[in-house]
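Could you put together the complete structure from these sequences and hints?
Okay, here's what each chain looks like letter by letter:
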Amino acid sequence: MNETPLWASESFWKKTAIWVTAGSFVILIVLTMDSLSQTTAGGKRVPPYSVINKKIDYRFNKELNKSVPVIGGDEFLFGKQLSEQEAEQLVDLGKKTAQSRNCMNCHTILGNGAYYAPDLTKAWLDQGWLSKELREDLMVKFLMNPESNARTFGSNRKMPNLGITEQEAEGLVAFLKWMSSIDTNGFPYNFKTIEAEE
Amino acid sequence: MNTPQLDNVIPKPASVLDKARIYRDKFKAWVNLDSSNLTAGQQLAVKYFTVAVILFVAQILFGLLSALQFIYPGFLYGILDFNVNRMVHINAMIVWMLYGFIGSIYWLIEDESGTEIVGLKWANIAFWVLTGAVTLVVLVYLFVQVGPGKDSSLWFINEGREYIEAPRWADLGITAVMLVFFYNVVATFSKGNWSGIAGVLVLDLIALVGLYLAGMFYMTNITHDQYWWWWVIHLWVEATWEVLVGVIMAWSLMKLLGVRRKIVQTWLYIEVALMFGSGILGLGHHYFWIGMPEYWLSVGGFFSALEPIPLVAMVVHAIYDSGVHAFKTVNHPALAWVIAHAFGNFFGAGVWGFMHTLPQINLYTHGTQWSASHGHLSFFGAYATINIAFFYLAIQQWRGNVWMAAGTRHAWRWKWALGLLNAGVVGMTVALLIAGYEQSFIERAVEGSTWAGYFAAQNQPSFQHAMNWRMFFGLVTAAGLGLLVWDLLTIGKYEERKAEKVVEKVIVH
Chain A
1 MNETPLWASE
11 SFWKKTAIWV
21 TAGSFVILIV
31 LTMDSLSQTT
41 AGGKRVPPYS
51 VINKKIDYRF
61 NKELNKSVPV
71 IGGDEFLFGK
81 QLSEQEAEQL
91 VDLGKKTAQS
101 RNCMNCHTIL
111 GNGAYYAPDL
121 TKAWLDQGWL
131 SKELREDLMV
141 KFLMNPESNA
151 RTFGSNRKMP
161 NLGITEQEAE
171 GLVAFLKWMS
181 SIDTNGFPYN
191 FKTIEAEE
Chain B
1 MNTPQLDNVI
11 PKPASVLDKA
21 RIYRDKFKAW
31 VNLDSSNLTA
41 GQQLAVKYFT
51 VAVILFVAQI
61 LFGLLSALQF
71 IYPGFLYGIL
81 DFNVNRMVHI
91 NAMIVWMLYG
101 FIGSIYWLIE
111 DESGTEIVGL
121 KWANIAFWVL
131 TGAVTLVVLV
141 YLFVQVGPGK
151 DSSLWFINEG
161 REYIEAPRWA
171 DLGITAVMLV
181 FFYNVVATFS
191 KGNWSGIAGV
201 LVLDLIALVG
211 LYLAGMFYMT
221 NITHDQYWWW
231 WVIHLWVEAT
241 WEVLVGVIMA
251 WSLMKLLGVR
261 RKIVQTWLYI
271 EVALMFGSGI
281 LGLGHHYFWI
291 GMPEYWLSVG
301 GFFSALEPIP
311 LVAMVVHAIY
321 DSGVHAFKTV
331 NHPALAWVIA
341 HAFGNFFGAG
351 VWGFMHTLPQ
361 INLYTHGTQW
371 SASHGHLSFF
381 GAYATINIAF
391 FYLAIQQWRG
401 NVWMAAGTRH
411 AWRWKWALGL
421 LNAGVVGMTV
431 ALLIAGYEQS
441 FIERAVEGST
451 WAGYFAAQNQ
461 PSFQHAMNWR
471 MFFGLVTAAG
481 LGLLVWDLLT
491 IGKYEERKAE
501 KVVEKVIVH
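Line by line, the protein sequences are chains A and B.
Residues in the first sequence are numbered consecutively from 1, following my numbering.
Residues in the second sequence are numbered consecutively from 1, following my numbering.
These are computed hints drawn from the structure, not numbers from a lab.
No residue lacks a Cβ here, since even glycine has one placed at the ideal position from N, Cα and C.
Hints should not be assumed to be uniformly reliable.
[Unchecked claim] With a straight-line Cα cutoff of 25 angstroms, these simulated SDA-like cross-link-like pairs (lysine to any residue) come out:
no., chain 1, residue 1, chain 2, residue 2
1, A, K15, B, L203
2, A, K44, B, M219
3, A, K14, B, V316
4, B, K150, A, S83
5, A, K132, B, A452
6, A, K14, B, V186
7, A, K14, B, D111
8, A, K158, B, H465
9, A, K55, B, T220
10, A, K14, B, V209
11, A, K14, B, K262
12, A, K15, B, G199
[To be verified] Residues of chain A placed beyond 10 angstroms of chain B at every Cβ, according to the derived structure:
no., residue
13, V70
14, G73
15, K132
16, L138
Here it is in structure tokens:
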């Protein structure tokens, strides 16, 4: 008469825990394989590195009700057309520079990181670079010597000098340009790009 | 040449060492702890706890520096920039909590398995290797800071990925040390007795060590980089760490209150099912905006919305058991911190996480001070609290299992430490939440997320007031920590009464 009901039984919950955990993990593995294959560089969501040879914009799409990246015609970075391999090398240098200079502990990248400095997801498209003609030059100069080219927007927060070389600065610009072409499901919201001014 | 004056001014190396030795001996005499009260396994555990407390102090110190830089951006500019302070702040936190967990497991494993730790010598070597590595990593963070954009920087200076910045050489070292720890746990239970708690612990540790490997690869593709990065961060703090504290809490409830094993183990299985059932796919809430397919909006939104449920269960569990046992316990501070853990975990991880987990709101809050608000309350509520509870269990035994219930001498110290630490963290959380609201409205919704929009929000008086309040409550937290350290060093010092024995009670309804 004194039987333990199922909901209070230790062995029932033990089995449940095992099955739920294993089931969730299997689903995660399946989704991981699908997600990674959909997001290799060169696919629809994450364009190839050579996208830095193109004009990139981020526009609101009424039908989808969110902003989406728009890839346009040729617009070479630093006036040079790069092969897929050269573009990958330059973006790679930029990514390694971003990691070795610890950018993420002030900035956010794709919205992740620290909140002491602005998000870098669409930094390439930001209106803060004044005009498309000045942009590349301004970015390289700023990265190499942020203190004298400080852009603090009245906050007094200055980026420190991180000893970034010209080559590394160009790599960072390539990395930022490539990243701005990634389809981020509409993040950041309502972003007005440097193109929108024209 | 005879320069007696100079000789007096410049200390000789030997005399500096001698002085240090004298201070150390004086300190030891003042603390007056007797390690013969501890088993060999417990002696190992308290080494981990000692380093954990030191790193806790470092966490708060570098947190204060970072908070001050929000108010005075010129403070330490070019010497210890925000990115360095913030990195040490969050890394010291992750590492002290890991030290606390490893210490807690070494503390409970002999009691739980009914035998001595197998491979104690290796465990001691692993402790010194890990501590040496952590010291070196922090020194490089502080004095080298950054390197060129090459693989060598990622291997020896800093990987530049939030929370897992430790360079690759340290990753390999940490993995090796964790494998020694894992071997010790499995071998000790195999020699002694297995239990439900032991089974959950071992499976959880496999996941915990295995997941760390997902963070050890470099990828050019930032979307893939962040995909795997979240495997480590999320599946640690929102899944495997939660289960680990479930294990620790299950054991503590038996020790503190005398709850029956069958009850805590049944609860533990329920918690594992709920935690992994919601937390594993809840990982998706980090995949909304990093370039991943749209289905993550639904998967991540749905499962992460369920994540608070196991945390409610843990509150019910802790409070119900405490109530049933009429809050009668042999260690008042430890039980108080366990209760703080149950509520802190529920509010910090559960409520604060749920508030911005759905993609419809997360679009505006992602990457703002909302995350900082959630981060402060959840790491403190879920993990700092339970570790502090264990520090009190350890110090009680270290003093010779003395009385730490009602009528403890200087009880105001632990009570004020508890109050100040909790008030400080809750105060910072609320201040950061206000900053986060303001940022979401001004920067995101109104200004459209540009750099000008970002700074428009940062320059708002309401944001800046929030940063001042955060600084104030940071100082409250620091005062609480100072008191906590003093209390841990002195509680039970002149106590002669022994603790009562906890008896397992069968409650008849």
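We went through each hint and held it up to the structure:
1. For the hint linking K15(A) to L203(B), the alpha-carbon distance of about 14 angstroms falls within 25 angstroms, and the restraint holds.
2. Restraint check: the Cα-Cα separation between K44(A) and M219(B) comes to about 19 angstroms, which is no more than 25 angstroms; the hinted pair holds.
3. Annotation: proposed proximity of K14(A) to V316(B) holds, straight-line Cα distance about 19 angstroms (limit 25 angstroms).
4. Only pairs whose Cα atoms come within 25 angstroms are accepted, and K150(B) paired with S83(A) is accepted, the gap being roughly 22 angstroms.
5. With a C-alpha separation of about 17 angstroms, the suggested pairing of K132(A) with A452(B) holds against the 25 angstroms cut-off.
6. Under the criterion of a C-alpha separation no larger than 25 angstroms, the hint pairing K14(A) with V186(B) is consistent with the structure, at around 20 angstroms.
7. For the suggested pair K14(A) and D111(B), the alpha carbons sit about 23 angstroms apart, so the restraint of at most 25 angstroms is met.
8. A hinted pair counts as satisfied when its Cα atoms are at most 25 angstroms apart, and K158(A) with H465(B) qualifies at roughly 20 angstroms.
9. A distance of roughly 21 angstroms separates the Cα atoms of K55(A) and T220(B); the hinted pair therefore holds under the 25 angstroms criterion.
10. The hinted pair formed by K14(A) and V209(B) meets the criterion: a straight-line CA distance of about 22 angstroms does not exceed 25 angstroms.
11. Distance check on the hinted pair: K14(A) and K262(B) sit about 12 angstroms apart at the alpha-carbon level, within 25 angstroms; holds.
12. Among the hinted pairs, K15(A) with G199(B) is consistent with the structure: their alpha-carbon atoms are about 13 angstroms apart, no more than 25 angstroms.
13. Listed as a non-interface residue, V70(A) keeps its Cβ farther than 10 angstroms from every Cβ of chain B; the least gap is roughly 16 angstroms.
14. Interface exclusion of G73(A) from chain B stands, the closest Cβ pair being 23 angstroms apart, more than 10 angstroms.
15. Separation of K132(A) from chain B is adequate, the least Cβ-Cβ distance of about 15 angstroms exceeding the 10 angstroms criterion.
16. Every CB of chain B is more than 10 angstroms from the CB of L138(A) (nearest about 12 angstroms), matching its label as outside the interface.
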